[in-house]
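Now for the letters of each chain:
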Amino acid sequence: MSAKIKITVNGVMHEAEAGRNILQILLDLGIMLPHFCYHEALGAAGACRLCAAMISPGAGKPARLEMACMTRAEDGMIVDITNPQAVDFREKLIEELMLNHPHDCPVCDEGGECMLQDMTVLCRHQHRRNRFPKRTWRNQDLGPHIHHEMNRCITCYRCVRFYRDYALGDDLGVFGSRGRVYFGRMRDGALVSEFSGNLVDVCPTGVFTDKHFRAVYCRPWDLQTAPSICPHCSVGCNVLPGSRHKTLRRIKPRRNHTVNRFFMCDHGRFGGGFVNADNRLTSARFDGAGMSLDDAITQTAERLKEIVQTHGRGAVAAIGSPGASLEANAALILLMKTLEGRFAFFSTGAERAAHKRAAALIANGQVDTPSLPEVEQADFTLIVGGDITREAPMMDLAVRQTIRAGAPLFIISPQAGKLDAFAKAARHAALPEQAAIVSNIAQALDHALMTGQPDPFAGAAASALATAKRPQILCGATGAGGIALVDAAHSLVAKAVRPERPCRLVYWFPAMNSFGISLARNDESPDTIKQDVENGRIKALTILEHGASLDSEWPDDSKPMKSCFTIAVDAIAGKAATDADAVLPCASHYETFGTVMNYEGRAQRFEGLPLPRPVTWSSAEVLLKLIEALGAGEAINRTEYHDLFEIPATMSSLIGTLAPDSEGLLIRSTAAVREVVG
Amino acid sequence: MICGVVRDMLTGMKITAGYLFRRPITIQYPEQKPIIPPRWRGRIVLTSDPDGEDRCVACYLCQAVCPVQCIDLQAENRPDGRRGASRFDINFARCIFCGFCEEACPTYSIQLTPDFEMSTTARTNLLYHKEDLQISGTGKHPEYSYWKVAGVAIKGQDKGEGINQTAPADYRSNLP
Amino acid sequence: MISDALKVQLTGHCGHYPSRRVGLIFVMQKLQEHYGGWLPEEAIREAAEISGVPETEVEGVATFYNWFFREPAGRHIIVVCDSISCYLCGCDRIAANLERKLGIKLGETTPDGMFTLLPVVCLGNCDKAPSIMVDDELYGPVTADMIDEIIEKTASETHGTRRAHDERNRPV
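Chains as they are written, first to last, in my numbering: chain A, 1 to 678; chain B, 679 to 854; chain C, 855 to 1026.
One should not assume that every hint holds.
[Claimed, not checked] With the C-beta cut set under 10 Å, the calculated list includes, among others, these residues of chain C facing chain B:
#1 W892
#2 E913
#3 T917
#4 P926
#5 T970
#6 V975
These are computed hints drawn from the structure, not numbers from a lab.
Virtual Cβ for every residue (Gly too), placed ideally from N, Cα, C.
Input sequences plus hints: build the corresponding full structure.
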């Protein structure tokens, strides 16, 4: 792939990568050749005929009108996209594509980012000559997320190519033929795929549009955006939320070629409602009385000082959050250090053990964790420890790419999932029992390719694993699976690795920043903290962003909690905030900046939308104010990330300088910085 | 030389004296109203379509084109299938009456009228809301109705019932 | 509903191929025959179940091909070629004649379920334009007088020739 060829475009010689089609090369060079059906992820189809250019195989050889997306670039080729014949061809073609396109641009939600509009202008089609009536279509109700307006369709087939071919969904189809082609479902009903929202982006015009955005519509050029990270799972998809008039309007994927690339799941795309929700915390409270945030912070600091003076060290504790940024959790640890308190992060001790082991394996470089594009390249996949479709949907989409390439898939999950339909074999077992099954596979690997295994599932998986060239194992690191499952997956990988063949291992976590907080130094098991809260040894408990985190089991509103002074730093009025003695509101995820670490230990910076609310401070800032109010402000400047987290000192400063549009920084304790792209 | 000066002076006096007996061009505004040409760019209005419904479909083009950004609106989807503006504000303190909004409007909704008498003693009075801007007539394009050509189904006009449209196609039909 | 015997036969047929989906067209032909010349929604569902192809894709195939019908079709299908040669030789007159004679428009079926009248693009019978095809019988050049005769002849046949046609084309 790295071989270079020389290609002449419009009389200028360019150097390009070999083995790609001419359209790709032109687009990479920033030369805009009109196109519809070609999409970077979906590839070329040669269906729309819009990327026509005069292409000659070399100097002196005759040029022909050819489709750039269907022509492989060869050394010495001469491409002329301004040739009158090509320009004329494209102009006529777009006129035909527009024959039945309705005149509803003013009420079309695609307006402002419509590819059809751009291409029509680019091809210089301005005047509709056809006077015959326009064909119309009835729309379908495609559920709560996607609005259907079939009149606008120009039959580029991108939707089915994405939905059916790329995401392996089977409820969106193409019907009819010739001038009567319809894209939709058999009958009205919600699209079942987890990736249906991508139809909005994939469709070059307004056939599929975002129903939620439609309800609060404004033109995309009026949206204020900020590069952010999706808070819903540990994949850490790069997103671009857009806001206007103080409300979040929509979320779109943001390209990061090492993470989610072009797409995102519906959960992330349509799951931004918490920002505009009615249950946002807007005012601070102390002992039931509403007051300004500054006053509440001062009073809370006074109370904390009192408690520490009366009860001594260890009377103050804190619970961090995997749904909060590294900065917020660091501020929480610093607060506890100031007060000589204790802190925990997870909901159970078992979860803590599993997370910490998995994160340590990744950070120490003991396992080879693939990025999402690398997950797509595997030729054997074993999924264990949860339902990946729900817990890390974009990883599910990456696994679907391996299925398309014909790679075998084996699944061990607690219950039937959507990927089961594509699996060679699927075994359903409760999470605590899954470690044993993984061990069986490891055992079977010893005498793989032998028939008559005691466990046919393990035997089949082992023999497929033994013959694969780029195998991978995806393992959910959860409390229920426990450390046993994490270790079982690791030992299976250790057994499968051969000098000539790496075996990759993904541990996925339940929340956005689970990896980050797993690296915390000196944290305690949540079980001991819980115990000490219950038996009254802990007198003050600080709970960080619990309303946004996934582990809602604890803290609960049981009696012992009420005897203890609780401080909730949160954006959402969840259970923790409702019962807390001091409520310190903070900005929500999409309104703040920070750093999170995804499943592969990739630190990514996100920035906040400027949504003017009563509360504009992030939870980290609120906690730092609290530390300052305690009179320990100078500790803030002295503290580095590596003082609080198991991060090499060299990386500590790199995290501070991360740019939101970079590929991120892989946290590895070997201090070998694999990639930093600014 | 003196003769020349006197002559020039008399010539000037003659012109001045001539105007003494002509009708004055100025008028006694405000008692007497001036005649304003119909295409004068004055107070902005939002017109209705021939059915009496809002012509504005909240496409945001006027807002986008406005060089002084004095227009602000919010779109809404109505139960009858139409889209319109739930809020439409024009800040006439900022408006320069350039008429770009009228040019950009795809539905002939926003129109400039020959009315300039908008002076007020408080700036806030120059913030016009939707109800202040709306008029009941169609204004300059009495026939035009955007929804008749849009191809969108609205109450009282199903798919394919607009101008120059065929009835909704059926891909299941036996007719090839 | 199809009989268990037919279901077993069709399921078995799909099993002959490396991929079950290869058998889809044959399954659909058989189902169309079973349901009296067209594919109701039930047939689409059954074809999907038998061949393992998603329902939406079966519907795509059914609506793509001219000779799969998704609306009830008559016992005899009359197709009028409207391609260039037949158009020049006056296929419009033939179509109008047929419409008048049968009392239906192009694309419709007679109320007694006997005839369905459809246009077609080229029957490959350009040397005998204008040309029509009734079931699998080609006629051309057709004149206005011939139409009554052709229709009467077809109507008098107790068994539709389409079925025989399907039988002949059965894959082995």
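Now the hints, each set against the structure:
1. W892: holds (8 Å)
2. E913: At 8 Å from the nearest chain B Cβ, E913(C) passes the 10 Å test, so the hint holds.
3. T917: holds (5 Å)
4. P926: Holds. Min distance 8 Å.
5. T970: holds (7 Å)
6. V975: holds (8 Å)
Comparing the model with each numbered hint stated earlier shows that all of them hold.
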